[in-house]
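J.: Chains as they are written, first to last, in the working numbering: chain A, 1 to 128; chain B, 129 to 515.
Honestly, the hints are just simulated from the structure, not real lab data. There's no promise every hint is true.
Covered stretches of chain B, as calculated for chain A (at least 3 residues, CB under 8 Å) [to be verified]: (1) 278-285; (2) 323-335.
A few chain B residues that face chain A, going by a derived Cβ cut-off under 8 Å, partial list only [what the hints assert, rightly or not]: (3) E260; (4) E262; (5) A271; (6) M275; (7) A375; (8) L376.
The beta-carbon is built from N, C-alpha and C at its ideal position, and this holds for glycine as well.
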Amino acid sequence: MKIRSPRYAREIPQRYRYEAAKTASGKIFFPPRLVYPGGETAKPHMLAQTGKVLTWTILTTGPAEYADLAPYAMAIVELDDGARITAMLVDVDLANVKTGMRVRIEFRKIRSEGHEGLLCYGYKVVPE
Amino acid sequence: MRDVAVIGVGLQKWGERWDRSLRDLFAEAAHNAINDAGVDHIDSMYIGCMSGGLFTAQEHLASLMADYLGVTPCAATRVESACASGGLAMRMGWMEVASGLSDIVLVGGVEKMTDVTGDEATFALATAADTEYEGYQGVTFPALYAMMARAHMEKYGTTIEQLSHVSVKNHANGALNPDAQYPFTVTLETVMNSTMVSDPLRLLHCSPITDGGAAVILVPAELAKSKFKKRPLVTVAGSGHATDTIALHSREDFTWLKATEIAVKKAYAMAGVGPKDIDFAEVHDCFSIAEIMVTEALGFFDKGKGGPAAENGLTARTGSKPINTSGGLKSKGHPVGATGVAQIIEIARQLWGEAGKRQLKDPRRGLAQNMGGSGGSTLVHILERKG
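Pulled out of the complex, with its shape left as it was, chain A reads as follows:
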């Protein structure tokens, strides 16, 4: 499915600038929300740029737009501020991917869309 530009643009603060929100009790929400559990309010917060792998997998086959990248690693990463993200783990020897390994966020091309090959960007993680 193609993503129309308003939908893509709406996510730019998160995909380009890692904009999150932190509630009064200290919990980080990524992406920020309009409503927070328990009626809490939140202030803008930028995600920490480094963290560690909590769990991971290596996909032998990916979704159509990512098929050319296979095999590739995906990980759930806990950033050093406690926020958690799902991200592709790249620039790594797949044999060396391990739970607990240190990683940092990098701004990368995620995929290209349609016949026009429009580039879509976002975050991936690489070994720190």
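Please build the complex by placing chain B on the supplied structure of chain A, with the hints as guidance.
T.: Okay, now just chain B, sitting in the frame of chain A:
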């Protein structure tokens, strides 16, 4: 609330049904259930379907299915909760009969998954995850469950052999189910050497793409006792429903299915029973790790003991807690919207003594657990045989 009985069931041979459309699959299963129950009309119907839109470019299933079942202007409602859509339809139908609003309700589920390419099916299924923050990053459903599997293996020492035993066991059961998509046995070696999909999960740790429908007829227990006496009375003793975060990464513990824990606690409380009182269960083995985690969340086994339980045969038909006697999603197939309803069918057939070659010895109480996405929604139903 009124006690609610299951009095009839219907489905068809599942698989790549190129000869059947979305509407055919539903109408055939629903018609079979109506005939099986012997009802002369239905007051209302529910249709569980995850994505008629993405799989077949067809929405508005309420009208379509009532039309092609030939029951318009009968009230019809399509419900969606990803792979738990069928279980949700069951809960809605149960509520409508229990509340006294309707007496004869058809609960159906359907999915037509092979009218699109494998890539398109993968895309449609991936919409059950967080499209913007999981799908966009490059994960698939096998990848999400693979990450749960790895976390479970690293935390509890669960092994790939244990995961593989789940597949072997479910195929052994499915081989005795003529409606199953893959009614054959597989060896541990075959499972462990099958194509890698998303490490550590291999092809034979994953449920397939399936076309299929399923339907049951619900009536008040009093009506079943007076008018539909051909079978032992089987009633819904408990129903539970809960949600969890859409994204796996938002969960505190990737090895624990909290929505399943909460849903089953509600169902146990309603039924006045606990895990030890359940004779057998149909659970959502979309991936073999899911069955292990579900049997832990249901309280059948302690945390981390689901793997050894599968390996030691406790969940086999001959074990102390038979799981997925139908063959489960793995062998029977997983037409996502129909799965939750087909689980109810297997429980009812076992309780009626109509499960053929896979019949358990005199079971009294069975549980069905149906789960959406990576565990973001869960439905649990407990059925009992009375008398």
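J.: Work down the list of hints and note, for each, if the structure agrees.
T.: Here is what the structure says about each hint:
Coverage of a stretch by a chain is defined here by at least three residues with a beta carbon nearer than 8 Å to that chain's beta carbons; for the region 278-285 of chain B and chain A the count is 3, and the condition holds. With a threshold of 8 Å between beta carbons, the proposed coverage of the region 323-335 of chain B by chain A holds, since 7 of its residues qualify and at least three are required. The beta carbon of E260 of chain B comes within 6 Å of a beta carbon in chain A, closer than 8 Å, and the hint placing it at the interface holds. Of the supplied interface hints, the one on E262 of chain B holds, with its beta-carbon coming within about 5 Å of a beta-carbon of chain A, less than 8 Å.
The beta carbon of A271 of chain B comes within 5 Å of a beta carbon in chain A, closer than 8 Å, and the hint placing it at the interface holds. Nearest Cβ of chain A to the Cβ of M275 of chain B: about 4 Å, under the 8 Å cut. The hint holds. Checking A375 of chain B against chain A: minimum C-beta separation of about 7 Å stays under 8 Å; hint holds. For the restraint placing L376 of chain B at the interface with chain A, the shortest Cβ-Cβ distance is roughly 7 Å, inside the 8 Å limit, so the hint holds.
Going down the numbered hints, you'll see the structure goes against none, and every one checks out.
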